[in-house]
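Engineer: Letter by letter, the chains look like this.
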Amino acid sequence: MSAPLAIQLRGVVKRYGAITAVDRLDLDLPEGTCVGLLGPNGAGKSTTMKLLTAQAIADEGELSVLGFTLPRESKQARAECGVVPQLDNLDVTLTVEQNLVVFAYLYRLGRRERRPAVERALTIANLGDRRDTRVDRLSGGMRRRLLIARALVHRPRLVLLDEPTVGLDPQVRQELWALIDRLRSEGTSILMSTHYIEEAERLADSVTIMSHGSAVAMGPPRDLIVEHAGHEAVEVYGGPAKLAEVEAQAHAAGLATRRTGTSVAVLRLNGDAPEGERRPANLEDVFVLLTGERLE
Amino acid sequence: MSASNDDLDRLDTSIRAALRTRSGLVSVEAPRSARLRRLERPALLGVLMREMINFSSYWRSTTFSATVEPTIYLVAFGFGFGSLVSTVGGYDYVEFVGTGTVATAVLFSSAFAAMFGTFIKYKFQRTYDAVLAAPVDTEELVTAEVLWIATRAGVYGCVPLLVAMVFGLDPNAGMLLVPVFGFLAGFGWACFGILAAATATSIENFNYIISAVLTPLFLVAGTFFPLDQLPQWAQTLAQVNPLYHLVQLVRHAAFGFEGWSDLGHAGALLAFGVIMWRLAIWRMEQRLID
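Protein sequences, first through last, are from chains C and B. FYI, in numbering that gives the first Met the number 0 the residues of the first sequence are 0 to 295. FYI, in numbering that gives the first Met the number 0 the residues of the second sequence are 0 to 289.
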């Protein structure tokens, strides 16, 4: 336990009526790192994000953000956090610049700090030449960049990104990855929920996989892969009967498998691997192994 | 939109440049030691600034309807009824309606703005999610929204008075208090609107509130006809109608204050404001915080 923790959750429970959205969740985010929150829809990622800004109040457990205890000191914590929501909530009738100015006020920047902060955010979003454009005239990618830059206007110590690239073209996604990676290398703590496994693999120092409201695995992506899926996987293609047979044999030999739709991937290879295409094991294998092949 | 390598390079360079300046600026560590309290000025200012900057993009249409609507009422009733009745309760009918429609203008620019504006912001635009992720609490959010709407209502409330002056209403020093009365009533009505928006499950629900609550209150407020001709129950009902108290205050501001009874009217508006304010915050908190 060297670095101080930007986020520490212990035994956090959040219920909505009969549904337990977050179920005894533990989560650590050491300062200056990027933690990816991976999980299928309904695993509790968005609820966790809401708990961190006190837009949902936990029923049980302890939460601290940047050393502040939630929900009591959440306003102090929020002052030093930047939040990028999953759903775009920019003011669409305002210009790019006006959107940033509004947030410079909401995050309490002083009179002299506001102008440079807005300019800096414009540079981050690479929207300097669009400053006077109304948001409803921007492309989807530009809006996302603005949404991220808006969250950075006050130089937050911690940034919460909720599905930052959902629904975007691959090119735009790469552009945002560059932006997030730059932020991380600068020392900002980042919590990023995503269900794009590649996103977590590329950007996160550590990944927490959530299923049914709790963390089922955590660690650096590479370690998780080796631990849960092994170094290599073998993909076997064939008809349903063939795939079922491969599965049965693998299980008899103590190997793990997962269906990929058109094939069966045999994981945790130990020597007697079936014939098929070899490939390195990946985080998606771990994800499916731990969160189940079928979604309820 | 597709990003070429050039774009990515540019983005990269620009981020580098932006980050380089980071260490050069004063750090924002200050709030750490400062204890954060309820109803903080910076939080209220933040929400108010958001409203004001937004207002700059739609003030024309709002001002148009807030000005034209009461003017139409004034002209229609003033000349329509005015040709049948020349005086009401000792006042020229145009003067009677001119002072009365101040309340209409205040109601329209506060309750309606708050109802629709709040519903759109929290349900469709999700603006409040963004605001509450910043260091702003629901109490501050609601209070700042209401202060802004009430200020607008205070200003727009003066329009019918100015129009009535064109038609012969004599200016009076007491009228300088009309924006204050408009603000006070607008505060309560804005809170009422937020309470309605936080209770409604769809925008269609507002039909119930408009037909069953606002329209009767709007008519039984002494705006267009004096209440002393109405049955006793309607007069009693008027006593709990904030619009009635506003109408009385405005009329007395124009024609002469009546001491204690006006303090009573102001007290009623104040009580209405405070009760609605707490209710709006309570309901909005339930809606916004899970």
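Keep in mind the hints are simulated off the structure, nothing from the lab. Hints may be right or wrong, so weigh each one.
To be verified - Some chain C residues judged to face chain B by a derived CB distance under 10 Å, without partners named:
(1) K49
(2) V101
(3) D131
(4) T132
(5) S210
(6) Y236
(7) R258
(8) L289
Positions of the beta carbon are idealized from the N, C-alpha and C atoms, including for glycine.
Engineer: Work down the list of hints and note, for each, if the structure agrees.
Structural biologist: Okay, the hints, checked on the actual structure:
Interface restraint check for K49 (chain C): the shortest CB-CB distance to chain B comes to about 6 Å, inside 10 Å, so the restraint holds. Restraint check, V101 (chain C) versus chain B: the minimum CB separation of about 5 Å is within 10 Å; hint holds. Checking D131 (chain C) against chain B by beta carbon gives a least distance of about 12 Å; that is not within 10 Å, so the hint is violated. Checking T132 (chain C) against chain B by beta carbon gives a least distance of about 13 Å; that is not within 10 Å, so the hint is violated.
A hinted interface residue such as S210 (chain C) counts as satisfied when its beta carbon comes closer than 10 Å to some beta carbon of chain B; here the least separation is about 21 Å, so the hint is violated. Look at Y236 (chain C): its Cβ only gets to about 33 Å from chain B, farther than 10 Å, so that hint breaks. Checking R258 (chain C) against chain B: minimum C-beta separation of about 34 Å lies over 10 Å; hint violated. The criterion of a C-beta within 10 Å of any C-beta in chain B is not met by L289 (chain C), whose closest approach is roughly 27 Å, and the hint is violated.
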